[in-house]
Amino acid sequence: MELIAFFQWLDQSALAEFSKAYGGVFAIVQVGHILSMVLLGGMIITGDLRLLGVVMRDIPSESVLENTHRWLAPALTVSIITGSYMTSAIAMKIYHSGFFWSKMYWLAAGIVMVYLIRRPLLKFDHASINPWTLRLMAIASITIWFNVAGAGRWIGFS
Amino acid sequence: MLNEMLLNLAEWLAVQDWSIGLHEAYYMYGWVEGTHVLTLMLFLGMLCVIDLRMLGLILTDVPAAKIAQRLDTPMMIGFGIMLITGFALYYAIPVRTTQSIWFRIKVVLLIVAGINALLFRNKMHASADTWSEDPVPPKRIRLGAGLSLGLWASVVTAGRLMAYDWYDCNKSMPEFMYWAAGCVAELAASEAP
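Chains as they are written, first to last, in my numbering: chain A, 154 to 311; chain B, 9 to 201.
These are calculated hints, taken from the structure and not from any lab test.
Careful, some of the hints might be misleading.
[What the hints assert, rightly or not] FRET-style restraints, in silico, Cβ to Cβ: (1) A:Met257 / B:Leu126: 39 to 45 angstroms; (2) B:Pro146 / A:Asp278: 33 to 39 angstroms; (3) B:Ala134 / A:Tyr175: 19 to 25 angstroms; (4) B:Asn130 / A:Pro213: 25 to 31 angstroms; (5) A:Ser216 / B:Ile85: 43 to 49 angstroms; (6) B:Leu10 / A:Phe159: 41 to 47 angstroms; (7) B:Pro146 / A:Gly309: 29 to 35 angstroms; (8) A:Trp162 / B:Ile123: 48 to 54 angstroms.
Every residue, glycine too, gets a C-beta built ideally from N, C-alpha and C.
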């Protein structure tokens with residue numbers, strides 16, 4: 154199935170009918186989306202700044218990363234649910250938005266970074282990992298998630 | 009009286025070259041607003057970590073006061089950037105922003121959140137020795153942290169709702185709303201016999 158068929162289906166769905174009809178609900182869901190991104194971004198930045206040695210240098214990085222990681226899945230889940238609701242209201246406009254697809258690619262990169270690179274690597278003793286590997290991973294992670302948020306913000310301007 | 013003064017100031021700002029330039033700029037306004045929103049992740053993200061620790065929900069093996077101290081600087085850097093970009097956004101669209109009920113609610117909430125942060129910080133400094141190492145801090149500290157999270161979430165909500173025109177001055181609203189939003193001309197017209 155081509156992706157446009159999915160967006161056309163979404164545009165005609167009952168969810169789209171609801172999200173288009175109730176602007177107030179859309180606005181509140183949008184706030185939920187922003188707050189979940191704040192939580193997600195905050196936990197990512199805190200962990201990455203610790204890996205870079207910028208904050209909490211006297212607190213074991215294993216503890217900081219383990220604690221912040223726990224909040225990523227709930228924040229990501231809420232942001233995907235709220236994002237899907239928002240997409241349903243403007244499905245066809247979104248399909249033709251370059252910033253939306255940019256956000257999706259960065260988001261996919263972010264999920265790969267968190268669950269396939271960052272998490273598995275950081276299960277090892279951090280002292281046994283080359284410090285430059287940790288720093289480069291932290292910089293890449295911050296860059297990816299800032300691009301997710303930045304592209305998301307620019308969808309509104311397009 | 010205050011509404012007239014604020015509107016006069018906004019109208020004076022609105023005709024400044026820089027205000028018009030920023031408003032009309034094709035990319036600059038977007039960059040300023042984008043920075044304002046992105047910095048939320050730094051400022052509010054750090055605040056979330058601190059407040060969640062005060063609620064006993066994260067990093068419970070690390071003293072709460074230590075977390076607050078270590079994250080204070082990046083959080084305040086984020087707040088500083090948000091403040092500067094926030095002023096720039098107001099400067100770009102001063103009249104509509106001045107007459108936005110959501111902007112007014114946001115400013116009040118910002119003041120309340122600021123007072124709460126100040127009181128919370130003083131309370132924490134005065135008593136941290138007795139509970140800082142506890143995985144779950146005392147009830148009064150958890151209350152302050154919960155209030156802080158709620159207030160900042162409300163600030164974000166009011167800020168986001170500023171984009172909607174539901175209560176703009178050109179809409180038909182009760183007199184109280186005209187007054188609260190600072191719709192000077194509309195309020196005068198509605199009061200006229």
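Going down the list of hints, with the structure as the test:
1. A:Met257 / B:Leu126: 39 to 45 angstroms: For A:Met257 and B:Leu126 the Cβ distance comes to about 42 angstroms; the hint holds.
2. B:Pro146 / A:Asp278: 33 to 39 angstroms: holds, 35 angstroms
3. B:Ala134 / A:Tyr175: 19 to 25 angstroms: violated, 47 angstroms
4. B:Asn130 / A:Pro213: 25 to 31 angstroms: holds, 30 angstroms
5. A:Ser216 / B:Ile85: 43 to 49 angstroms: Check failed, 24 angstroms falls outside 43 to 49 angstroms.
6. B:Leu10 / A:Phe159: 41 to 47 angstroms: Distance hint for B:Leu10, A:Phe159 is violated at roughly 52 angstroms.
7. B:Pro146 / A:Gly309: 29 to 35 angstroms: violated, 42 angstroms
8. A:Trp162 / B:Ile123: 48 to 54 angstroms: holds, 50 angstroms
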